[in-house]
Amino acid sequence: MTRIPGREAIGKKGWLRAHKWLLLRRSSQLGLLLAFALGPWLGIWIVRGTLTSSLTLDRLPLTDPFFLLQSLAAGHLPYREALIGAGIVLAFYLLVGGRVYCSWVCPMNIVTDTAAWLRRRLNLQSARAPSPSTRYWLLGAILVASLASGTLAWEWINPVSLLHRGLLFGLGAAWAIVLGVFLYDLLIATKGWCGHLCPMGATYSLLNLTGVPKVSALRRAACDDCLDCYAVCPEPQIIRPALKGDGSAIVSSLNCTHCGRCIDVCAQDVFQMTTRFHHRRVGHEQGTDPIADRLDCGTARPVH
Amino acid sequence: MSDPGTTLPEAGDALRASAARRRFLVQVAAAGGAALVGIGLGAYARQARARPAFAVRPPGALAEPAFLAACVRCGLCVRACPYDTLKLSAFGDGVAPGTPYFEPRRVPCEMCPDIPCVKACPTGALDRGLEDIARASMGLAVLIDHETCLNFNGLRCDVCYRICPLIDKAITLDMQRNARTGKHAMFIPVVHSDACTGCGKCERACVLETAAIKVLPIQQAKGELGRHYRLGWEEKAKAGKSLLPQEVLELPVRRPGGGS
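Chains U and E supply the protein sequences, listed in that same order. The numbering of the first sequence is my numbering, which starts it at 1 and goes up by one. The numbering of the second sequence is my numbering, which starts it at 1 and goes up by one.
With the rest of the complex left out, here is chain U (with noise of 0.2 Å):
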């Protein structure tokens, strides 16, 4: 009988507790989609446009940086309306952390959660998943073949917009792409898309450096080794320093989507939601905590 991630911490804690930042991110998620839907269903407008640019209450612009950015490549330099949206959801995401976007935003992380449960569930085990590292090589080349073509060039095949696009104006041949997803998360790799190829979120983890709000691993001393929390983290590779090292008890990665699931499922309760402050008032020692190791590459790393 395999063990069952978070079956014991509904045990513990009781169901609610041990789903309530999942709960948290699904009503954030869906509620997200519910704004931009009201119009078009119901002709309530509150939020015009979708995530790639929008306008709220007729007053407030947000852009995508991401796609801002793939647009500058392609050599087009936008009005000042999609510069300021820009801005206010860049300050907004280094203020928060920029993958609050892939766990509390981006649609797509339900289809890919579901992969991932599913994949539990089945107990499926492949891994032919590529380094973690492959998201920030395809956002780069991603920005050379705008530059390259002129336009931009993501937008041709991204699950991403294309899905939540697809919702809001009709999905068209978009399911069959958001299907590969699914199916490559399922039956390939393991947490593949968010956590190893998609250049979106590769560009919110470059903005994941100031952000506030973070995991730590405070009562790191009673973990019990259950393996539960490495089980559903979407970048299992974050856990280990914070939980095992010596150093700052905060997960400090760059990749931390800020999901909170491993506080969920944790019997023992040793994550928390902290600030990225509260090691000092905890008394851990600093950790060395160079940006290679920040972000996970390797390739940085010190080899001795």
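Worth flagging that the hints you see were computed from the coordinates, not collected in a lab. Just so it is clear, the structure is predicted and the values come from calculations on it, not from any experiment. A virtual CB, placed ideally from N, CA and C, is assigned to each residue, including glycine. Everything hinted at is true.
Covered, in the sense of this in silico footprint (three residues per stretch, anywhere, with C-beta under 8 Å from a C-beta of chain E), are these stretches of chain U:
1. 57-69
2. 128-138
3. 160-170
Please build the complex by placing chain E on the supplied structure of chain U, with the hints as guidance.
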């Protein structure tokens, strides 16, 4: 690795070196894969950039290559369109995914005087320099099929002419002799590219099963004179007199029989 001849620290070094090599190779694979995707996307984008002729861009749209660099695929223009004219291309529609277009035969552009779609665009893919909708050039109507057009058959359909928001400017009727009957007139609709906005109301209204008049992308519809080319009668009108010295045109008169 576990060769008894090597001392422990040496074995450790070898292990670490092999781990470093492995990490390096994984990065090379990741970079190589990403580069391949980039090249594939770039190539695909170049090929898919061509917009199918049935799709017309909203008013104020930059020329197609610049438009594809500027449009962030947000759909704000589509939401701003009060007539459900504009659609956002879905994956597989044949138009760059997420970009706005309309099909005139389905729903033409109603040419709103306040041009809300252009105002809604946050990036300038739809150029706010367009302030008068009558100066839009979304495409160019072309009476493409003379064989089925009722007016070309000597009938008085005139629907495209009458529905045109710029009647007598963008479409005029040109009276010609009907050679078939020998005693009637034909009223040929003529589109004038300097006035036509490409709104597509004519294509929508054409009474045929398939429209004989269609809005085409301007670069496909329009010819261009050589830059050196001058039309003699225009130059003459401009100058107010013939520009040719009289003697140049003193040609010998050749008639059958040699008489003059």
